[in-house]
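Q: Protein sequences, first through last, are from chains A and B.
Each residue of the first sequence is one higher than the last, beginning at 0 in numbering that gives the first Met the number 0.
Each residue of the second sequence is one higher than the last, beginning at 0 in numbering that gives the first Met the number 0.
Just so you know, these hints were derived from the structure itself, not from any lab.
Source: prediction; values computed, not measured.
Heads up, a few of these hints could be off.
Said to hold, decoys possible - Residues from chain B shown here face chain A by an in silico Cβ test under 10 Å; the list is partial: (1) 66; (2) 83; (3) 96.
Where is the CB? At the ideal position from N, CA and C, for every residue including glycine.
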Amino acid sequence: MTLELILFIILALVAVAAALGMVLSRNTVYSALFLILNFVTVAVFYLMLNAAFLAMAQITVYAGAIMVLFLFVIMLLGAERIPGEDKLPWQKPLAVFLGFVLLVETGYILISRSGILPPAPTAGEGFGSPEAIGMVLFNQYLLPFEVTSIVLLVAMIGAVILSRRVK
Amino acid sequence: MLPATYYVGLSAILFIIGVVGVITRRNAIIIFMSIELMLNSANLAFVAFARVHEAMSGQVFVFFVLAVAAAEVAVGLALMVSIFHTKHSIDVDNISSLKG
Numbered sequence: 000m001t002l003e004l005i006l007f008i009i010l011a012l013v014a015v016a017a018a019l020g021m022v023l024s025r026n027t028v029y030s031a032l033f034l035i036l037n038f039v040t041v042a043v044f045y046l047m048l049n050a051a052f053l054a055m056a057q058i059t060v061y062a063g064a065i066m067v068l069f070l071f072v073i074m075l076l077g078a079e080r081i082p083g084e085d086k087l088p089w090q091k092p093l094a095v096f097l098g099f100v101l102l103v104e105t106g107y108i109l110i111s112r113s114g115i116l117p118p119a120p121t122a123g124e125g126f127g128s129p130e131a132i133g134m135v136l137f138n139q140y141l142l143p144f145e146v147t148s149i150v151l152l153v154a155m156i157g158a159v160i161l162s163r164r165v166k
Numbered sequence: 000m001l002p003a004t005y006y007v008g009l010s011a012i013l014f015i016i017g018v019v020g021v022i023t024r025r026n027a028i029i030i031f032m033s034i035e036l037m038l039n040s041a042n043l044a045f046v047a048f049a050r051v052h053e054a055m056s057g058q059v060f061v062f063f064v065l066a067v068a069a070a071e072v073a074v075g076l077a078l079m080v081s082i083f084h085t086k087h088s089i090d091v092d093n094i095s096s097l098k099g
C-alpha cells in the first residue's frame, strides 16, 4: 500500500460518510455542515489530481460562498427542523433499493471495463496551474466564458426580482 | 497516480447518494443540497478524466459547472424564500400547485 492509496481511502471514507450524514441528518444546519466537509475533501482530491487552482476555487466558491448562502437562508427561514410526515411510506425503501441497483450496475461496469482507461502519464510541467487554465479558458473557450457572465447577470437579476416583496 | 477507476468509482458513489437524497427527502433545502452533491461528484469525474488524458478542457469545464451552480443556487434560494413567505413551508409535498 502506497501512501497515496492510504490517503485516498481515508479521504474517500470521510467524503462518503459526510455525504450520507448530509442526506440522513434531521437538522438542516447539520446537513449543510456535512456538505461543507464533503466539498473540502473533494478539494483535496483535486489537489491529488494536479488541479491546484480548481481546489482553491472549490473551497472559496463552493465551501465558502455557496454554503454560506445556504446557511444564511436556513437561518433566515428558521427551517432547521421541519417536521415532515410521510405521505408515501413505500417510497423510501424503494428509493434506497433502486439506488443500490444503480450502484451495483455502475460498479459492475467500472470493474469489467477497468482496462478501458489508459494509465495516467506523469503530469507535465504546470498542468492544472492558473496559467494553464487561463490559456485554455481565454483562447479555446472565450465565447462560453463570456456567456457565463450573462448567465450570472441573469441569475442576479432573477434573485433580486424573486425576493422583492410585492406591494 | 492511482488508477482513474478509483476516482470515477468514488464519484459514482457520491452521485448515487445525491440521487437517493433527492428522491427520499421532502425538505426542499436538503433536496437542493443533494443536487449540489451530484454536481460536485460529476466535477470529480471531470478532473479525474482531465488528469488521465492530460487535457486542460476537463478542468475548464469544472470551472463552468462552478459558475452555473452559483447562479442556480442564487435563483433557487430566492425562489425558496418567496415560497416560504406565501406557504410557510418548504416541504415539497405542500408545493404541488403552480398558483401562488
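Q: Look at each hint and say if it fits the structure.
A: Consistency of the hints with the structure:
The beta carbon of residue 66 of chain B comes within 5 Å of a beta carbon in chain A, closer than 10 Å, and the hint placing it at the interface holds. Satisfaction of the interface hint for residue 83 of chain B is found here, the shortest Cβ-Cβ separation to chain A being roughly 5 Å, below the 10 Å cut-off. The restraint placing residue 96 of chain B at the interface with chain A is violated, with a minimum CB-CB distance near 15 Å, outside the 10 Å limit.
When the structure is compared with the earlier hints, a violation turns up for hint 3 alone.
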